[in-house]
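Enquirer: Kindly produce the complete structure, drawing on both the sequences and the hints.
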Amino acid sequence: MAKQLGFLVDTEKCIGCFSCEMACKNEYQTEVKPRWRRVYQQREASLPYPERNFMSLACNHCADPACLKVCPVGAYSKREDGIVLQDHARCIGCRLCTMACPYGAPQYNEKDRRVEKCQLCYQKVDRNEEPACVAACPVGALQLIKDLNSFPEPGTVKELPGFPDITITRPSVRFVPPRAGVQIRRDV
Amino acid sequence: MAYQLTRRSFLKGLAAGSALTALTAYGGLKYAAPAAAVEAGYPEAGAGAKVFRNVCPRNCYDTCSMLSYVKDGVLRKVSGDPVNTFTNGRLCVKGYTYTRRVYSPDRLKYPMKQEPRGSGKWQRISWDEALEIIARKILAIKKEYGSTLPICLNKYSGNFDILHYGIEGMMSSIGYTTRALGTPCWPAGIDAQTYDFGTLWNNDPEDLVNSRYIILWGVNPAWTSIHSMRFIYAAREKGAKIVAIDPIVTQTAAKADLYLQIKPSTDGALALGMARHILDNGWVDVEYLKANAVGWEEFFEYLRREVTLEWASKTTGIPAGVIADLAREYATTKPAAIWIGYGLQRHTNGGQNVRAIDALAAITGNVGKSGGGALYGHLETWGFNYAAMTMPKPAGAVGVKKPDGTMSDRFININNFGAELLNTNDPPIKMLWIACRNPLSQDPEPQVVQKAFETMDLVVTVDHFLTRTAAWSDIVLPATTHFEEYGVNASYWHYWVGINEQAIEPYFEAKNDVQIAMLLAAKLNALEPGSCTYPTSGNLEEWVGKEFNPKMLDLLGISDYRELKKGPRKAKLPPAAWADGKFRTPSGKIEIKSSEAPKYGLPALPIYVPEKQPSPEYPYRFFTPHWRYGLHSQFQNIDWMMNVSPEPYVEIHPATAAAKGIKDGDWVKVYNEIGYVTLKARITATTAPEVLVAYEAWYKDLNYNINYTVKAVPSDMGKKATGNRGLAFHDNFVNIEKVR
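So the protein sequences, as listed, match chains A and B.
Its first residue numbered 2, the first sequence is counted upward by one per residue in my numbering.
Its first residue numbered 11, the second sequence is counted upward by one per residue in my numbering.
Hints may be right or wrong, so weigh each one.
Here are the computed distance ranges between Cβ atoms for each label pair [as the list claims (entries may be wrong)]:
(1) B:GLU657 to A:ASP188: 20 to 30 Å
(2) A:ASP188 to B:ARG134: 22 to 32 Å
(3) A:ASP188 to B:GLU308: 32 to 42 Å
(4) B:PRO115 to A:PRO155: 42 to 52 Å
(5) B:GLU247 to A:GLN124: 24 to 34 Å
(6) A:ARG114 to B:PRO115: 20 to 30 Å
Sample of chain B residues facing chain A (criterion: CB under 7 Å; computed from the structure) [unchecked claim]:
(7) VAL48
(8) TYR52
(9) VAL103
(10) TYR106
(11) ARG240
(12) ALA244
(13) GLU247
(14) GLY249
(15) ALA266
(16) LEU268
(17) GLN271
(18) ASN653
Simulated from the structure, these hints should not be mistaken for lab results.
In this text, a Cβ means the ideal position worked out from N, Cα and C, and glycines have one as well.
Expert: Spelled out as structure tokens, the structure:
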């Protein structure tokens, strides 16, 4: 099986500080609107602490990427290590990929009329450095999985409430589910 | 409002994706992307840049060591400096926006003059013209009133770099002036720890990893000191239990092993209830107290006489059994640390509550121990020369006569600034200089501050942006950011000290406070020789060099300040504060019975002082704490931040919302007898039924200011160490109604 890089999102540790999202913008000085990485605040009542749980998501560099399949000009490719790359110069801004991706990873940039997305800091990966978002996490809640094929799965899950059906594109992301401590509250 | 990933938006994307997948599936076909083209689309902003060392100068626990990446004279990106083992090469959501702050189209570029004040009719003027207006006004005031006392400085925490104290120096150099004295942030807790230990001195926060039990008491590091969370987690991984005590379910509370939802402002009752249970069960460290404390016998008499678990339970809203368990665990799991937050002391009994918690740490022998402590803050690494601040008065300067015949500046209370400006006479205040501050946004009762501004002849504000305060000034002067100036910074939490290098040229005509002082000195002396003592030459790096003394150099283990260009240094201090048992109180011991407190009209013992109660008209407490997206009125106005956090809201408990007929997203009015604020409702059980929460911030295009409802109610302590009592920000009571 080919190598597949991925992200581990430890929602037990994640404090929703948004540093990863902003570190990404800082690293590439992106336009205001695109959010290659985005921290989603979860309000689902089924979670232990609604409002205080977060999913930090970027491109999931899927095993079966929908963006790659729909792109009419072949701007997308998958590297040997599983990174889904977009060739920005080829993009014609048709936005089919933004509709195909279940995760909203490719985003249309109104300024240059093209789509852009997380490239998993492939330049850094090639230099054996951490992606900017991973390097920014103050608590180690966001990590790079070097190869999903050999990733020991115990304690992690492939889905969390609110996360789309993973059978569509087989996203390269794993989660540590949130954990609740004991709450002594006055409103119950 | 923070974005949320809803199932619906996912399904929408998913449906489209499925259809398109079916239409265009050419399974697994891959293209080799030309590497150069990919590169062209996604260049790394910091590639090929020269790297400088900086320190984030904001009023924040973490005071991050930073690196700035500069190419062709332009700041390309920022990162954390990995040399600092506390901030660990990481910044926060605010720090990563710095390129957008530096190059914001809203930044002030030139000195500007507004006529009339508040009209919005600004015109660009030269520095020379601005300084001419200011200098002539200073001299005219001196002539008319016989002193410079009608000139008032309000400067505080917008930039904590040591050179920025140069603006205080500038004021000193023209004569005796009026100063807004005190701190709104943390003075009650400072005084509490000063009464108990002699000063505030927290253990190295990196030492939290050695704790086996950590109580995060009224503090929310997940939002306000994110780098501390790593050490808290590390302690947990080694087996420590993490307890959070807070009236609201903060982000930190959600990460704790145990969360206790305490009634606001009753923290002292919980500490005392725990202390009584510890006393009853023989868990007191009597040997430690005998060697290190005074007044503990009287404290124990008070506990036996006045305090019971049941009383503590009734007062705090926490079940007695839970308090008993907490007391047992805290007293018997050693070492145990308590981090006392600034939030819990922003009450009319706040300092007293901190003293009760200090006593709890003392009677269990947790003070002076690695992994222990009653952590609040420290100033041990702030022993600079304050050379930019310390200036002689010009000859013949007239000030306020002191009983001993000498003269001094005149001090007014920073925490009741508007009223103090209006009520100060003989001579009245006629000119304001505002630096590193935004009182029309951040002060309580900004309505009164604005009224006071109307009585001024001249208001000068130095800032990066046209803040609320700048907008009501006659002259605004553009300030440099920390990337455009030299400086040196310490933290009031961690033990690191770093130099701040100038990485880029000043933005347009922006200048640093010391440079402004030097220019004004030259102008004043040209108009009236000898009227100002501030030096008129020296580059900022030289000014940084003047801040160091042998003691500071030794503390940092260096022989010259320039060594800090190789990286920030951690002060050579023991990991545990007070490990030597040499307390700085009059008795040299922990004064559980304080000898100093009664001199300020306060109880000698850490007895319980009842919390402030709401009135029937205004039954809800309105919390207006810090949040993750800003620091006071800084950062929320930056475009990247607006993209993540586009609008303010008030958090309302579901039960309260139901009783008031308020739904998520409704517009509501939060009001009391002094003002109101209209904003969107966010229904969430993270708050308590009687507590509403909205976050202080400055949105540049919104008329949003939570301080319109905040009265200048003083907290109980602060007078001794900081000159004035603090502010009981969290004893603010309001009502709420739906408007649409």
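Enquirer: Against this structure, judge whether each hint is valid.
Expert: Results for each hint:
no.	hint	in the structure
1	B:GLU657 to A:ASP188: 20 to 30 Å	holds, 26 Å
2	A:ASP188 to B:ARG134: 22 to 32 Å	violated, 55 Å
3	A:ASP188 to B:GLU308: 32 to 42 Å	holds, 38 Å
4	B:PRO115 to A:PRO155: 42 to 52 Å	holds, 51 Å
5	B:GLU247 to A:GLN124: 24 to 34 Å	holds, 32 Å
6	A:ARG114 to B:PRO115: 20 to 30 Å	holds, 22 Å
7	VAL48	holds, 5 Å
8	TYR52	holds, 5 Å
9	VAL103	holds, 4 Å
10	TYR106	holds, 4 Å
11	ARG240	holds, 5 Å
12	ALA244	violated, 10 Å
13	GLU247	violated, 10 Å
14	GLY249	violated, 15 Å
15	ALA266	holds, 5 Å
16	LEU268	holds, 5 Å
17	GLN271	holds, 5 Å
18	ASN653	holds, 5 Å
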